[in-house]
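Read off the chains here:
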Amino acid sequence: MSTDDEPAADISGPTVPRMILGNQLHRFREAAGISPDRAGYEIRASRSKISRMENGRVGFKERDVADLLDLYGVTDDETRAVLMTLARQANAPGWWSKYGGDIMSDWFEEYLGLEAAASIIRAFELQFVHGLFQTEAYARAVTLLGNTAAPVEEVDRRVSLRLKRQDLLAGPRSPQVWAVLDEGALRRPVGGRQVMRGQLNRLIEVVDQRQVTIQVVPFDRGGHAAAGGSFTVLRFEDDDVPDVVYIEQLTSALYLDKREDVDHYLEVMNHLSTEALTPAQTKQFLAAIVKET
Amino acid sequence: MTSKGILVTEEHASGQDAPEKDTTGTGIDTTVPHSARIWNYWLGGKDNYAVDREAGDQYRAIFPGITVVARSSRGFLTRAVRYLAGEAGVRQFLDIGTGLPTADNTHQVAQRVAPESKIVYVDNDPLVLAYARALLAGQPEGPIEYLDADIRNPEAILDAAAGLLDFKQPIALMLMGIMGHFPDEEAYPIVHRLQAGLPSGSYFALYDGADTNEAFAVAQQGYNDSGAVPYYLRSPARFEPFFEGLEMVEPGLVPVPLWRPDPDAEQVEVYSYCGVARKP
Numbered sequence: 001m002s003t004d005d006e007p008a009a010d011i012s013g014p015t016v017p018r019m020i021l022g023n024q025l026h027r028f029r030e031a032a033g034i035s036p037d038r039a040g041y042e043i044r045a046s047r048s049k050i051s052r053m054e055n056g057r058v059g060f061k062e063r064d065v066a067d068l069l070d071l072y073g074v075t076d077d078e079t080r081a082v083l084m085t086l087a088r089q090a091n092a093p094g095w096w097s098k099y100g101g102d103i104m105s106d107w108f109e110e111y112l113g114l115e116a117a118a119s120i121i122r123a124f125e126l127q128f129v130h131g132l133f134q135t136e137a138y139a140r141a142v143t144l145l146g147n148t149a150a151p152v153e154e155v156d157r158r159v160s161l162r163l164k165r166q167d168l169l170a171g172p173r174s175p176q177v178w179a180v181l182d183e184g185a186l187r188r189p190v191g192g193r194q195v196m197r198g199q200l201n202r203l204i205e206v207v208d209q210r211q212v213t214i215q216v217v218p219f220d221r222g223g224h225a226a227a228g229g230s231f232t233v234l235r236f237e238d239d240d241v242p243d244v245v246y247i248e249q250l251t252s253a254l255y256l257d258k259r260e261d262v263d264h265y266l267e268v269m270n271h272l273s274t275e276a277l278t279p280a281q282t283k284q285f286l287a288a289i290v291k292e293t
Numbered sequence: 001m002t003s004k005g006i007l008v009t010e011e012h013a014s015g016q017d018a019p020e021k022d023t024t025g026t027g028i029d030t031t032v033p034h035s036a037r038i039w040n041y042w043l044g045g046k047d048n049y050a051v052d053r054e055a056g057d058q059y060r061a062i063f064p065g066i067t068v069v070a071r072s073s074r075g076f077l078t079r080a081v082r083y084l085a086g087e088a089g090v091r092q093f094l095d096i097g098t099g100l101p102t103a104d105n106t107h108q109v110a111q112r113v114a115p116e117s118k119i120v121y122v123d124n125d126p127l128v129l130a131y132a133r134a135l136l137a138g139q140p141e142g143p144i145e146y147l148d149a150d151i152r153n154p155e156a157i158l159d160a161a162a163g164l165l166d167f168k169q170p171i172a173l174m175l176m177g178i179m180g181h182f183p184d185e186e187a188y189p190i191v192h193r194l195q196a197g198l199p200s201g202s203y204f205a206l207y208d209g210a211d212t213n214e215a216f217a218v219a220q221q222g223y224n225d226s227g228a229v230p231y232y233l234r235s236p237a238r239f240e241p242f243f244e245g246l247e248m249v250e251p252g253l254v255p256v257p258l259w260r261p262d263p264d265a266e267q268v269e270v271y272s273y274c275g276v277a278r279k280p
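For the protein sequence lines, the chains are V and G, in the order given. The opening residue of the first sequence carries number 1 in my numbering; numbering runs sequentially from there. The opening residue of the second sequence carries number 1 in my numbering; numbering runs sequentially from there.
Please keep in mind that the hints were generated in silico from the structure rather than gathered at the bench.
DSS-like, lysine-lysine: derived pairs with alpha carbons at most 25 Å apart:
#1 Lys46/G <-> Lys258/V
#2 Lys279/G <-> Lys168/G
#3 Lys258/V <-> Lys49/V
#4 Lys46/G <-> Lys49/V
#5 Lys164/V <-> Lys98/V
#6 Lys61/V <-> Lys98/V
Given the sequences, and given the hints that come with them, work out the whole structure.
This is how it looks when you write it as structure tokens:
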């Protein structure tokens, strides 16, 4: 839980500095010809910790960074100063931290960080309209589905967290969001018909944003590839940072970044994207559904 | 190579009746290497599968220069488009055989020079089209269009493009690394028919692999034997008929690194040939 006097990171959160710092550490380690095991030993950690650090997936102890730089023979004061600043930024709490740990699990916090650092977000949604496109009324209805007994104040906070995420799309370094929605996500009248109509109209608006692509898989496109359910693939600008597959479950989430796992989901996502209606057809399809809702 | 026609689109330009909806698959074959995905791999992209990486590594083991060829060929595309949008003043681009999006795509280069540049991307590969529609967004003032069409039917491409581009103004026709998929007797007529449909003052830019390196040829043969859509290397002399009746832009038909290199360009040896020409 953060307090008010902690420096709040901007909308992108701490994950970007983590990835930059991790990438630098990776380069310095390779240049020094030091194995992940040896580097891990130096900071009393495992090789997988080193890999998570280098992929920008965890925060950094400043002491660890300093020790690693010593080990890698990085002695230039200026370089070290830049990296230590990054290490501090990498530990700053994200904007979401002020929403409170009671409504947000660690795994969702990690997702928000990755989402804000991504350059391309590809999502398949089977049940609901994607969080980045939800109207307030729709977000409230979805929140109530999962938190029937929650006090009004808590529901408000959850809804406002959902909506705050959408600032990402308005920001200067907005990721490209490429979402494939199952027709079911559009037909299920979450919050009632009026709420759903508002949500569908919002989708029709967002498809015109340059950084957004929406494709619908209609019911008559049979047996599509994602029988398993909804998932998201996050792509990062840096060529060395692997894609991350995010799968939300009831009480936890799964993060996959091993190439074999990512391959499989990327393949499914590509199948879905070619099977779905084109963005232009989707726009017409949405307009038709609004009339029927 | 025909797409399996998963989509009955308003953009479909095959010139045939709309294909039956395909409910058995999506036209993506993940069991054989795929030309656009393997190029993505050589260029350092992440949109490739194990089958592409294996084939790409095998290729590279025989011909380590392929990575340089891939990068150098993209470099030619960048310089050619920069020349076309800049010095030549072209504002319309017809780019056939788009490939998967990479760092400097045609519209990005053209619209950096002239934001109003209009680009029509043409491909018949469902994966390439899906990526192009989603990720190739242009400047608001210079729209981008995507055509699902097969180059073996040039008239259908020209017809569909006529609704998107102004055929009274010059158009740059770009065939970047695609004609190697066709033997000469098929390739020349396709290119000539496309060129015939363009107005005077239009431009034509092409690169393809040449057969001037033994290892390149051996690696390519191995790739072609893998079941992938084959690609044939040509002798430099066999590039000339593509430019018949056109005025070659300096320096003419050359290996890709030698076409108007950037001043700080690294000296590399690349066995792909390219040229840019103007239609009188």
